[in-house]
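Asks: Here the protein sequences line up with chains U and H, keeping their order.
For the first sequence, our numbering gives the first residue as 19, with consecutive numbering after it.
For the second sequence, our numbering gives the first residue as 34, with consecutive numbering after it.
Don't read these hints as lab results, they were simulated from the structure.
There may be inaccurate statements among the hints.
[Stated by the list, open to error] Listed next, the in silico DSS-like pairs over lysine-lysine satisfying Cα-Cα at most 25 Å (straight line):
#, chain 1, residue 1, chain 2, residue 2
1, H, K48, U, K280
2, U, K126, H, K219
3, U, K250, H, K219
4, H, K251, U, K176
5, H, K193, U, K106
6, U, K25, H, K263
7, H, K275, U, K294
8, H, K48, U, K25
9, H, K193, U, K126
10, H, K273, U, K294
11, H, K143, H, K251
12, H, K273, U, K176
13, H, K193, U, K232
14, U, K325, H, K273
15, H, K251, U, K114
16, H, K251, U, K116
17, U, K280, H, K219
18, H, K251, U, K149
19, H, K193, U, K316
20, U, K316, H, K275
21, H, K193, U, K280
22, H, K251, U, K39
23, U, K106, H, K263
24, U, K355, H, K275
Below, each chain spelled out in residue letters.
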Amino acid sequence: MTLPKDKSEYRGVWVFLEARKGALREVSRQLLGEARRLADIRRSDVSGVLPGWNVEPLAREATEYGADRVYLVEDRRLETYTSRPFAKVVATLIGKHKPEIVLFGATKNGRDLGGRLHAMIETGLAADCVKLEIDDEGNLDMVRPSFGGKSLAHILCKQHRPQMASARPNVFRVLPRQPGRQGQVIRETVALTDADVDATIVTFEERTGQLARKIEDARVVVSGGLGMRDPKNFALLEALADELGGAVGASRKAVDAGWVPKDYQVGQTGKTVRPKLYIAVGISGAVQHLAGMQESEKILVVNQDHKAPIFEIADYGVVGDLFQVIPELARQLRERKAIRGGRAAAA
Amino acid sequence: MPGPRSIVCIKQVPKAQELQVDPVTNTLKRVGVPSEINPPDRNAIEMALQIRDKHGGEVFVVTMGPPVFTFSLDEALAMGCDRAFLLTDRLLGGSDTVPTAYALSETIHKIGGYQLIFCGEETTDASTGHVGPGIAGHLDCAQITYCSAVQYLGSRVRGKRSVEDGYETWECPLPCVVTANFLSNKPRPPTLTGKIRVKRGGLTTTWSCADVGIDPDKVGIRNSPTIVAKVDTVVLPDRKAKIFRGEPRAAVAQLLDAMVADGVFPA
Numbered sequence: 019m020t021l022p023k024d025k026s027e028y029r030g031v032w033v034f035l036e037a038r039k040g041a042l043r044e045v046s047r048q049l050l051g052e053a054r055r056l057a058d059i060r061r062s063d064v065s066g067v068l069p070g071w072n073v074e075p076l077a078r079e080a081t082e083y084g085a086d087r088v089y090l091v092e093d094r095r096l097e098t099y100t101s102r103p104f105a106k107v108v109a110t111l112i113g114k115h116k117p118e119i120v121l122f123g124a125t126k127n128g129r130d131l132g133g134r135l136h137a138m139i140e141t142g143l144a145a146d147c148v149k150l151e152i153d154d155e156g157n158l159d160m161v162r163p164s165f166g167g168k169s170l171a172h173i174l175c176k177q178h179r180p181q182m183a184s185a186r187p188n189v190f191r192v193l194p195r196q197p198g199r200q201g202q203v204i205r206e207t208v209a210l211t212d213a214d215v216d217a218t219i220v221t222f223e224e225r226t227g228q229l230a231r232k233i234e235d236a237r238v239v240v241s242g243g244l245g246m247r248d249p250k251n252f253a254l255l256e257a258l259a260d261e262l263g264g265a266v267g268a269s270r271k272a273v274d275a276g277w278v279p280k281d282y283q284v285g286q287t288g289k290t291v292r293p294k295l296y297i298a299v300g301i302s303g304a305v306q307h308l309a310g311m312q313e314s315e316k317i318l319v320v321n322q323d324h325k326a327p328i329f330e331i332a333d334y335g336v337v338g339d340l341f342q343v344i345p346e347l348a349r350q351l352r353e354r355k356a357i358r359g360g361r362a363a364a365a
Numbered sequence: 034m035p036g037p038r039s040i041v042c043i044k045q046v047p048k049a050q051e052l053q054v055d056p057v058t059n060t061l062k063r064v065g066v067p068s069e070i071n072p073p074d075r076n077a078i079e080m081a082l083q084i085r086d087k088h089g090g091e092v093f094v095v096t097m098g099p100p101v102f103t104f105s106l107d108e109a110l111a112m113g114c115d116r117a118f119l120l121t122d123r124l125l126g127g128s129d130t131v132p133t134a135y136a137l138s139e140t141i142h143k144i145g146g147y148q149l150i151f152c153g154e155e156t157t158d159a160s161t162g163h164v165g166p167g168i169a170g171h172l173d174c175a176q177i178t179y180c181s182a183v184q185y186l187g188s189r190v191r192g193k194r195s196v197e198d199g200y201e202t203w204e205c206p207l208p209c210v211v212t213a214n215f216l217s218n219k220p221r222p223p224t225l226t227g228k229i230r231v232k233r234g235g236l237t238t239t240w241s242c243a244d245v246g247i248d249p250d251k252v253g254i255r256n257s258p259t260i261v262a263k264v265d266t267v268v269l270p271d272r273k274a275k276i277f278r279g280e281p282r283a284a285v286a287q288l289l290d291a292m293v294a295d296g297v298f299p300a
């Protein structure tokens, strides 16, 4: 394995900036904030790396979210993400500028890229980190859930550089945007040919309706588990979610039972959510599920079994029959909203 | 046109409910723990078998691990895979995703003659999803990750890839690594004739690192970039739940009063 001759040659914290439909992904902005913190500890700086086409405004935006510089590579072949050209661009820039740390969003594309890249450049990559720290020796301490969320593993990459880590959306918090904050935008050229483009995206079907409501971004998530008993009962959760402007999620057991699609799944092998309010309905609370929602601001549990482990992390609990409690909750919320509306109209 | 040769990479993992940590080595306990084929890998096997059902060709299955992983290879053979390869060597112990992707890609290279390589989207024990694209990186071939459906087009492959806001259909030249989404299909159960074929033997090839030509200085715990320095037990903060019970109407009213008082909902 090729080890760096001198690790001190490697400096700076990089964020792979993911563009989607003309905007920076929220997770990229969140990672810039975390990169800023790590760079300040290491007394180094933050760079974004942005492959794309017509994305210079996004590079400027990244500087306002904490990047000191952005390496911008523009090529028509980089207009939408595909594995090989993106991996070539990022690998080339890493070889040229030698960052100490590289962060990726643990999105589908971020993982696709990171997985290919870490094998190409032979360095460590820790997936789904929930915490990043700098240890006493100056290494990146990459903390990720392990063993089904029962524990947190501290991963170190001591000899290889860069140290690479991914984090899911909403694990880190975005820094307030600083309009006018200055940063360099450096245009880089990576020689790409048509031979570097092996994948063609022939169609894109956008998700619409309830499925388009992404649980990762929702302020309220209403999730159902095995206690829902039947897929058609998820309509109760949808009605409640609609009342609260939220999205519907599910436990792995409900997904495994085939009641709802995998996109609904909250937990270790699903999505991590951090909404203002998480409502767990008929979910017993396996550690794998808790790993995906325990950072929610408030947690409301509705379950018949007062001994269900999920009550241990609840702020509010209703012990009772969900088939009575959930419609009643939706009804009373609607009633209170109507009263508020009436008061506002009277005033 | 003859169908493609597909190579499916699988891993044997502890059953989800049996995950236990060895307090001394901080690694997963694998000895004496009931294990199974990594569930998304079953979807990968099924994807490959469906292509063979339709186009002909063959499906080989590969794993890297201790000899007990034969259990999973036998099951894959009984599901209908044509041949199995076990890469087993003490030198490989403790490999992280970089040496694993390297060793598997060398094994695939040694088998040769392949058009498609399948993996599960991720494993349920380590859940990184890095090995599939890592194999593509080592082999310098195309990749389509997170596929829920795949179509073999003769000289190319088409995969329906799940992304956050929808589905992308990618088309790639061969060879190509395809990673299969968990639950993307219904894996067929092992058949009786399949089990009889396994019993007759002769379908599994066992290789060491030397047999494949794997560089011992690129594998194992010593040559893995990452180490697990320590493991903390998760301690959840006590949120001191306010619990309501009894007649639903009154319980919900009390709940909402409490949530309004705490500022969760407007008054």
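Asks: All hints are to be evaluated individually against the structure, with a verdict given for each.
Replies: Hints, verified against the model:
1. This hinted pair checks out: K48(H) and K280(U) have alpha carbons roughly 20 Å apart, not beyond 25 Å.
2. Pair hint K126(U) plus K219(H) holds up; C-alpha atoms about 23 Å apart against a cutoff of 25 Å.
3. Taking the CA atoms of K250(U) and K219(H), the gap is near 22 Å; set against the 25 Å cutoff, the hint holds.
4. Distance restraint check for K251(H) and K176(U): the Cα-Cα separation of roughly 16 Å lies within the 25 Å cut-off, and the hinted pair is therefore satisfied.
5. Distance hint between K193(H) and K106(U) is fulfilled; the C-alpha atoms sit about 23 Å from each other, no more than 25 Å.
6. Under the criterion of a C-alpha separation no larger than 25 Å, the hint pairing K25(U) with K263(H) is consistent with the structure, at around 23 Å.
7. Straight-line distance between C-alpha atoms of K275(H) and K294(U) comes to about 17 Å, which keeps the hinted pair within the 25 Å bound.
8. For a cut-off of 25 Å, the pair hint linking K48(H) to K25(U) is broken: about 40 Å separates their Cα positions.
9. For a cut-off of 25 Å, the pair hint linking K193(H) to K126(U) stands: about 13 Å separates their Cα positions.
10. Restraint check for K273(H) and K294(U): the C-alpha separation of about 17 Å stays at or below 25 Å, so the hint holds.
11. Distance hint between K143(H) and K251(H) is fulfilled; the C-alpha atoms sit about 17 Å from each other, no more than 25 Å.
12. Of the pairs offered as hints, the one joining K273(H) and K176(U) is violated, with about 41 Å between alpha carbons and a cut-off of 25 Å exceeded.
13. Taking the CA atoms of K193(H) and K232(U), the gap is near 20 Å; set against the 25 Å cutoff, the hint holds.
14. Straight-line distance between C-alpha atoms of K325(U) and K273(H) comes to about 15 Å, which keeps the hinted pair within the 25 Å bound.
15. As the CA atoms of K251(H) and K114(U) are separated by approximately 24 Å, the hinted pair is consistent with the 25 Å bound.
16. With a C-alpha separation of about 22 Å, the suggested pairing of K251(H) with K116(U) holds against the 25 Å cut-off.
17. Restraint check for K280(U) and K219(H): satisfied, since their Cα atoms lie roughly 14 Å apart, inside the 25 Å limit.
18. Between K251(H) and K149(U) the CA atoms are separated by roughly 29 Å; this puts the pair beyond 25 Å, and the hint is violated.
19. Using a Cα cut-off of 25 Å, the hinted pair K193(H) and K316(U) is violated, with the two alpha carbons roughly 37 Å apart.
20. Only pairs whose Cα atoms come within 25 Å are accepted, and K316(U) paired with K275(H) is accepted, the gap being roughly 12 Å.
21. With a C-alpha separation of about 15 Å, the suggested pair K193(H) and K280(U) falls inside the 25 Å cut-off, and the hint holds.
22. Only pairs whose Cα atoms come within 25 Å are accepted, and K251(H) paired with K39(U) is rejected, the gap being roughly 40 Å.
23. About 34 Å separates the Cα atoms of K106(U) and K263(H), which puts this hinted pair outside 25 Å; it is violated.
24. For the hint linking K355(U) to K275(H), the alpha-carbon distance of about 23 Å falls within 25 Å, and the restraint holds.
The structure does not agree with the numbered hints 8, 12, 18, 19, 22 and 23 stated previously, though it agrees with the rest.
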